[in-house]
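Chemist: Take a look at the letters that make up each chain.
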Amino acid sequence: MTDSATVLAEGESHFPPGIHNFDFRDWFTGLSDTALAHMFTTITFAVWASVAILIVFFLWAYRKPQIVPTKKQWIAETAYGFIRNTVAIDQMGKKEGVRFAPYLATLFLFILIMNMWAIVPGIQVSPNSHIAFPLMLGVISWGIYMFVGFKKHGFIGFLKMTCVPPGAPWFIYPLLIPIEFLQNIILRPVTLALRLFANMFAGHLILLVFILGGFEMLNAGNIFVQGLSIFSFGMGIAMTFFELIVILLQAYVFTLLTGMYIQGSLADEH
Amino acid sequence: MEGSLNVVGYGLAAIGPGIGVALIFAAWITATARQPESAGITRPMLFMGFALVEVLALFGLVLAFINS
Chain A
1 MTDSATVLAE GESHFPPGIH NFDFRDWFTG LSDTALAHMF TTITFAVWAS VAILIVFFLW
61 AYRKPQIVPT KKQWIAETAY GFIRNTVAID QMGKKEGVRF APYLATLFLF ILIMNMWAIV
121 PGIQVSPNSH IAFPLMLGVI SWGIYMFVGF KKHGFIGFLK MTCVPPGAPW FIYPLLIPIE
181 FLQNIILRPV TLALRLFANM FAGHLILLVF ILGGFEMLNA GNIFVQGLSI FSFGMGIAMT
241 FFELIVILLQ AYVFTLLTGM YIQGSLADEH
Chain B
1 MEGSLNVVGY GLAAIGPGIG VALIFAAWIT ATARQPESAG ITRPMLFMGF ALVEVLALFG
61 LVLAFINS
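Order-wise, the sequence lines are chains A and B.
Counted the way our numbering counts, the first sequence spans residues 1 to 270.
Counted the way our numbering counts, the second sequence spans residues 1 to 68.
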């Protein structure tokens, strides 16, 4: 049971929702004072479960691959092929695209499953609404595109390629180089992580506003206000479907941008 | 009346991304109406542009919470 649900059972008013709704208590209260505090919560459960689903499903689907795919093999191949064809090969070409397709497909499916917890009944919070998880994914993507760039162009060459845009007049360079450096080397992983985090954070808050708001109206003690709560719950359901779109879109955008950054590192010098 | 001024600030901050998202979709609809077969080519660009602009509004939301 999530904290919001327990809180509602206690009958206290917790409207409006805020950052405190993202703190989850330990499953085993005995551990709270030990070093294992915050190790077993709904959030960590969702992360481990995402990893387990991903690994187990793909091992199971690909255990005995056949030329005419079985149903589960078809699902796995479609999921992988979608990213391989529309993101990796489209952006990087056949040779490099196939090389980076495994990372991009894993990234996409992992983020997708992590985000899906936001609308799974009983959990209804995505681990990605805590900045730690998107930030780590952003840092991994950053490490890959930096490493690929350094390997291809050399240390100085890559820095020159990303920080010195060609064709600008000389007197603008003192202004342009710091901006480009900040934007391409420092802010890229931050925006990558923050985009995913902010979307899941906002999505969870919107759901909380409508559902907690509905309970608040039910507790109001006025029959008309209580009757209006049905619209609040209806909006909660509609927003859950909207969340589904956001979940798919954000997983796709994260993968697309990672692919774009890697492609930028691989590109020839202009 | 009580509340946080951050919320008003966030409302103001959301105007820009709102216009931006509208422009992106308007441009995509125009492009698709002129050349329907280009819809598949421009759709990834649509979603990427949409996500890049939309996130500005969400940054505002996060910042509104940080100080409250």
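Worth flagging that the hints you see were computed from the coordinates, not collected in a lab.
These figures come from a predicted structure and were not determined experimentally.
Do not take every clue at face value.
Quick list of the computed label-pair ranges, beta carbon to beta carbon [as the list claims (entries may be wrong)]:
no., chain 1, residue 1, chain 2, residue 2, range
1, A, Phe241, B, Ile29, 17 to 27 Å
2, B, Met45, A, Ile230, 57 to 67 Å
3, A, Gln226, B, Ala31, 45 to 55 Å
4, A, Phe155, B, Gly18, 10 to 20 Å
5, A, Lys94, B, Val7, 21 to 31 Å
6, A, Ala37, B, Thr42, 26 to 36 Å
Built from N, CA and C at the ideal position, the CB exists for glycine as well.
Chemist: Taking each numbered hint in turn, which are not upheld by the structure, reported in ascending numerical order?
Modeler: Hints 2, 4, 5 and 6 contradicted; others consistent.
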